[in-house]
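**Q** For reference, the chains in residue letters:
Number of protein chains: 2
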Amino acid sequence: MKYFKGLLLIVLSFYLLLYLFCSVNICYAKSPQIEQWGVFEITLKGPSSRNPFTDIQLSAVFTKNNLTIKTFGFYDGNGIYRIRFMPESTGEWHYITSSNCSELNEIHGNFIVIAPAKINHGPVRVQGMYSFSYADGTVYRPIGTTAYAWIHQGDKLAEQTLQTLAVSPFNKLRMTVFPKHYEWNNNEPALYPYTGTPPSIWDLKRFNPEFFQNLEHRVQQLGDLGIEADIILFHPYDKGHWGFDRMPPQADDLYLRYIIARLSAYHNVWWSIANEYDYLKEKKPSDWDRFFQIVQSNDPYGHLRSIHNGSIIYNNTLPWVSHASIQNGSAVEDYARAILYRDVYRKPVIFDEVKYEGNIPQRWGNISAQEMVKRFWEGTIAGTFVGHSECFLDSHDIIWWAKGGVLRGKSVERIAFLKKILEDSPSEGLEPIDKWQNCPFAGKRGYYYLGYFGESKPSEWLFSLYKAELKAGMKFKVEVIDTWNMTITPVDTVFELNKPSSYYVDDKNGRSVPLPSKPFIALRIRRIP
Amino acid sequence: MKYFKGLLLIVLSFYLLLYLFCSVNICYAKSPQIEQWGVFEITLKGPSSRNPFTDIQLSAVFTKNNLTIKTFGFYDGNGIYRIRFMPESTGEWHYITSSNCSELNEIHGNFIVIAPAKINHGPVRVQGMYSFSYADGTVYRPIGTTAYAWIHQGDKLAEQTLQTLAVSPFNKLRMTVFPKHYEWNNNEPALYPYTGTPPSIWDLKRFNPEFFQNLEHRVQQLGDLGIEADIILFHPYDKGHWGFDRMPPQADDLYLRYIIARLSAYHNVWWSIANEYDYLKEKKPSDWDRFFQIVQSNDPYGHLRSIHNGSIIYNNTLPWVSHASIQNGSAVEDYARAILYRDVYRKPVIFDEVKYEGNIPQRWGNISAQEMVKRFWEGTIAGTFVGHSECFLDSHDIIWWAKGGVLRGKSVERIAFLKKILEDSPSEGLEPIDKWQNCPFAGKRGYYYLGYFGESKPSEWLFSLYKAELKAGMKFKVEVIDTWNMTITPVDTVFELNKPSSYYVDDKNGRSVPLPSKPFIALRIRRIP
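Respectively, the protein sequence lines represent chains A and B.
Start counting the first sequence at 187; every next residue gets the next number (this note's numbering).
Start counting the second sequence at 187; every next residue gets the next number (this note's numbering).
Everything labelled a hint here was simulated from the structure, so no lab data went into it.
Among the hints, erroneous ones may be present.
Since the list can't tell identical chains apart, any single copy or any two copies may satisfy a pair.
Cut-off 25 Å, straight-line C-alpha distance, at most; resulting in silico cross-link-like pairs (BS3-like, lysine-lysine) [claimed, not checked]:
id	residue 1	residue 2
1	250	216
2	643	704
3	657	685
4	467	630
5	467	653
Using the sequences provided together with the hints, build the complete structure.
**A** Structural data, given as structure tokens:
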């Protein structure tokens, strides 16, 4: 028995020692864990002399079985170098660094990628031809808004903006990297992207890591809210004030490589090459092609890429454009206009600027809430996506469209209402039912039809659908949707199809759907299995 | 004196001999004359054994000073080979042939190119970004119609078609090379493009020269009337009946090279790669790219190239597409829809199919004359071009859209009225005055404004123009145009501009233009110098 006690003590001591040893030493070699589509970060100490932004080359190769992904590192100030990686699959990954600096070269390690948290569905991808889904297959229907320079307004306002977004319907936010200089935007930002002397003397070879840390923090916070960050890499709202709109090509390219190295591991990043790109008068058309190519070749994850127009639309058929990001002040007044872009590009179409709800004098910033909601619906039945923002004058010049803050308009809750309806629509997206024929319905032929009558005030709608995928005897239920008053009223009648004629098929008893003779009425028609 | 007489006789005899000699022999070397943009033709005798269409290679190089143009010859049956050339400048040209057949090789000669006849303005080119002009600089505004298979209906009907066209406003005709098999088009053609046994056994390596001689004759006749031949190289209205819609790639390519060799020297040729190309289900998308490239590389004159869609629009941004040839049943119901194609393609846009005036059951073939005329006007104020055709049922199935014959609709004379108005409009073409803002005016800012109110029936129009290129004190005269009743009524008032506001500028006395409260009213506003 004594002998047994002694043995027990020895064994326990061994385990204790093992535990202590492990916790202080060996555990460094134990693989860390990171969730799929999370940000895995390698932090390294290195030289801070000379110019680490340009003199040091740093990258890492990440491997899992026969999968190999190369990603670039970046200098984060104070002798700290980082390499970020977004693993796209679970399992054990290995990495090895490569650098022209021996301290940073050939550092390697392993890590384990586990299943993602519930909120993280991975990056958004194009699904089919005109729709989107997250990498995990969950459907993504963009309902975006714009607050261009919200990250430049200090922490207090930024936190308020996040609180506003948290309870809003929006799942995408258009935002600029560079600060904004414009009417109602005359405040200098707290941080600048380069070292130098504001407003316009910059060392374009030395970034300000703090600026980018703030940007990343905000992108991360958006991600935590399930909001995609549609990051605008260049914009014209500078006009030489800081000069970020007219840097030389080498500076542009260095900036792109730097921001891609920093940000591409965040799953909720979208790249918008520029806003109103054609208003950056110092750039040549070929610059935009080059920027797209730099983004495409440096971002290992293929985040979505677009470019937003002023009055000249970029050639969105080019292969490096993932989706069209359109500004057009009148296209979504009429679904038949909106459809045309779809046909031409054969890619998803997001109308990221359709004029803004508000009361500023500019004609692009004073449409009514009714008009904004109507544009969302017209865009929806065109099989496209529409973006929101607001321009309400404010005594402190805090306008949502530029700075964030709070939302004041009346469109937002109606957009939330639309979003709910869409959540219950076919995951493949809404296809125009009978395009080029003035048919105000989109959906999935044979199953689901969402129609919208805009400003017209019909008192009834003769039940009649385009005949494709339909046959006699099929049964449908109908709901009348008041898109402004946010009501959904089921119609008692079950409609049953007659034999199709040349183009259309009606209810077998020729019945109509009674409508309330009001504007902004929609119909949802679903097949009864 | 006697001596002198003798000398004179000798000299005269010498000249006489020279003349006789020249007239029978040397005059073959005297350079023939041909007008600029005319068809210069080299005719050669060669072998007719084996297969001259595939075994004999024949081309010629035409030179003038340091200009060199290579063009291909073709076999025209009965041992006759031809090489055609359209000289694009006056002066003395030289040619030398090249062939793998010694009889046809290294034949050379000269010819003189003189100024063209008054009717011949040369081929149509793209002018600027959205317009056309002839090679001699004369503005060309396409006003087209369609009679797909008119060349296949025998001489009598073809001659009637030409008589109809001669007194019509049309300056472009869409027409197919291959015959058409379709509803109301069940007659076999008089001629087939290949040797073989109708309807479907063909030697796709042996063309029928007679078929192509007829085609050329018709193209020439159209040219004599000042009408561009928009030649449709492939179409789906065959469905395997003859099988010209489903030939193997080698046959397609041989056919293209043959028809280009035959036809490209005709100045009024336009190449339409296909009609409703996406309905040719046996073709791959890459086939269309290849066809464009064959046409581009084999036609030495760069005639206009387009491709006409069914429901999927070809990528008209590709470099080998000279202009967009659009089918869309609803785009030109609304100028703001039509404008979108312009913006996207940044090329001239011709709506070659906008549904047809007529009374057939198909919904694409029974719009009213009012609707057709409206579509022409909406397309015009979008800065685009619209095409006409007619589908009126006929006891002998002679429908203009397919077979030609006579025109019965009521739109043609209104289209002629519009054409007259356009002849007096800026030669640069009509630019949308304030695009994406629901502004129904096109023209030349500061000088010329053509507005159109469609089906709305305004009783007045507040004189108010988009401010670009305008300043206070400028004076304008206004005419009210009834586009249906074809009247132009000058307004007595001279309007004088106020100071521009943010976007617009009104008359200094706030005056309006009285309008007749009728639909289809247009306004022409011209600056008084």
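**Q** Among all the numbered hints in the text so far, which are the ones the structure does not match?
**A** Hint check: nothing fails, all pass.
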